[in-house]
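Residue numbers (my numbering), protein chains in the order written: chain V, 1 to 426; chain D, 1001 to 1251.
Rather than coming from a laboratory, the hints here were simulated on the basis of the structure. Because the structure is a prediction, the values reported are computed rather than measured. Hints should not be assumed to be uniformly reliable.
[Said to hold, decoys possible] Footprint (simulated), chain D over chain V, 3 or more residues, beta carbon under 8 Å: (1) 372 to 378; (2) 383 to 396.
[Said to hold, decoys possible] Residues of chain D clear of chain V, computed beta-carbon distances all greater than 12 Å: (3) 1024; (4) 1081; (5) 1179; (6) 1225.
Glycine included, each C-beta is placed from N, C-alpha and C at the ideal position.
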Amino acid sequence: MSATAEKQNATEARIAGLNLQTDGWSASTRSDAVARLRAMGLPERRDEYWKFTRPDALTQADAPQAALFDAGEAALFEGTDTLSVVFDDGVFNADASDPLAMDHLSIERLAGAGADIHWAKGVYGVLEARGQTPVPRPLATLNTAFATDGVLIHVTGKAPKPISLVYNHSDEASDAILHHVIKLDAGAELTVLENGPAAARFNKVMEVDIADTATFHHVRAQGRDHERRAATHLFARLGTESTFKSFTLTVNGRLTRNECVIELTGDDAIAHVAGACVGDGDFHHDDTVFITHDAERCESRQVFKKVLRNGAVGVFQGKILVKAGAQKTDGYQISQSLLLDGDSEFLAKPELEIYADDVVCSHGSTSGAIDEEALFYLRSRGVPEALATDLLTLAFLAEAVEEIEDEGLRDVIVDRLEGWLERHRG
Amino acid sequence: MLNIRNLHVKLEEEDKQILKGVDLSVEAGKVHAIMGPNGSGKSTLSYVLSGKDGYEVTDGTAHLGDIDLLDIEPEERAAAGLFLAFQYPVEIPGVGNMTFLRTAVNAQRKARGEDEMSAAEFLKVVRARARELKIDADMLKRPVNVGFSGGEKKRNEILQMAMLEPKMCILDETDSGLDVDAMKLVAEGVNALRNEGRGFLVITHYQRLLDHIKPDVVHIMADGRIVKTGGPELALEVENNGYADILAEVA
Ligand SMILES: Nc1ncnc2c1ncn2[C@@H]1O[C@H](COP(=O)(O)OP(=O)(O)O)[C@@H](O)[C@H]1O
Ligand SMILES: [Mg+2]
């Protein structure tokens, strides 16, 4: 397959100013990625999975500017004991970061010297490349080719505390490309937190390779900046009896495209991916998920909730693919929007493709308004209308938020949501 | 305490008059009952007093003390001391019963300029009140009314009433769907709240609730009006002869 001339031109224009690393262990993967990118070309509106979201701002040569935003509050996971790794506009900040050392794992930078990262070669760009079929994800390939930094984490046991990736945004025109690789050995356990707007434009890939019986938890928040744009990809491959649970909170942001591509390759594995987003006004939020069941008795859950007001737009494209032989698959998918006014919009494309006969898969998508009966009931008990609306909105989001297993982290997310709702009342 | 004068109400969306001049006064410390056939406007009266959308007051007034109820929001009416135990309590998935109760209690306190109840104090009070109504810890934890039986929903209404300590309590068919034991429990809950400063308006279709909650005054409502007012004996008359005789008499 080769890209149209138009796509080729757009792709060349985008990569012209980027620096391709030609030495080190990732060099060959990167040059392969450039070739793959040139063959498919960057996305455009006509592409099947870009009908609901304009890719222009994500693909154009220069990042559109994004005003800085001072939240005037402590960073989200500040109160949690973590190993924190800080990036300012995509640039590693050693002073603000903790020493890169923890029991039961090794952690290094992608841009580091590259002493003993032969394992990373087996994952970097590998899960991303696997995730290109059947749906191309060119922005992730661009990332593999041109990522400037990121972390490489190899987990061999139960990590004693979470790793927290902190993404500060302090330059109005910053254009960051980060790529993280995480490999969990059999039985290993790790929680990764991510927080912050990262840059005016952020392209991020995280590849997570989860061996048999290993467990990976991921809780992410994408900052409070209103004008930032982001395209992120999360690729995960799961072994037998392994667990993957990812939750994303998005408040604000002009444009967000979060793709999640999960492959269940070992029997009895569990993958949950959830998202809660709240948007007011100039806000476009797209969750695109692809889960492949390629083993027996695996469970997958997709839970996405979007609260939209003042013309905010929510998109959900979610697919469950059950391959022949993936018997006893248990697949669940729900995507719902709460439209707080008539101006907002939710576009959903739920898909099921099943080639095994003994499976249970369900999917549902709804769009609704605040339940007037419930609102009156609350008000009749003395709860003011605005607070009652907040309570009902949080109740709507609860199914997604409850996917976060750790109670402390869940409370942090609920606090952030409560704060947002209070600031964005109708 | 509660004064309703010449209240006329129609549906907002339709040209349908439902209340056609209701006059009613409930004094502090008294229990008034309203009985009447289905469709006579009893629930409509309770909804209009508590401020539900969808109704238009075309004439008349309703005051709680010197507060003009029809002029203020539902939450303000509640903070002023009005409480409606719903005929059909609403299920609210995702909102815990306990969170709901505490939010309501503290919102009312805040509106009245009082201090909020601390979490510990609230827990103590709610547990004691719940025990009296045989509401277990599980029901307090579950989402509001979700998966509750009919009787559990009604007991949950009375629990809310007990926690909010309103001045004026309106109970809309709180007895419907209850077995005898549950009705006794509910009646005990109501009787425990009876005092000199509090008024009750008990809407019921049947006399049997009034065996347990003894009314001072009984009103018969038909076709959007109070057509007859009397003592507790009026309820017995309805019980024995139905509404037909009374309606024929006033027609
Ligand atoms: N929201 C509504 N929409 C349509 N009809 C209504 C509405 N509320 C009340 N009504 C009508 O008004 C009349 C009185 O109803 P209601 O107040 O529920 O009576 P009751 O409680 O005495 O049985 C009935 O004819 C009922 O159908
Ligand atoms: Mg009724």
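Hints and how they fare:
For the stretch 372 to 378 of chain V, the stated coverage by chain D is satisfied: 6 residues place a CB nearer than 8 Å to a CB of that chain, which reaches the threshold of 3. Closer than 8 Å: that is the beta-carbon criterion, and the stretch 383 to 396 of chain V has 10 residues meeting it against chain D, so the requirement of 3 holds. Distance check on residue 1024 of chain D: its Cβ is at least 20 Å (rounded) from any Cβ of chain V, clearing the 12 Å threshold; non-interface status holds. With 12 Å as the threshold on Cβ separation, the claim that residue 1081 of chain D sits away from chain V is violated: the shortest Cβ distance comes to roughly 10 Å.
Under the 12 Å C-beta cut-off, the non-interface status given to residue 1179 of chain D relative to chain V holds; the minimum distance is some 25 Å. Against the 12 Å criterion, residue 1225 of chain D stays outside the reach of chain V, whose nearest CB is about 25 Å from its own CB.
Checked against the numbered hints above, the structure breaks only hint 4 and satisfies the rest.
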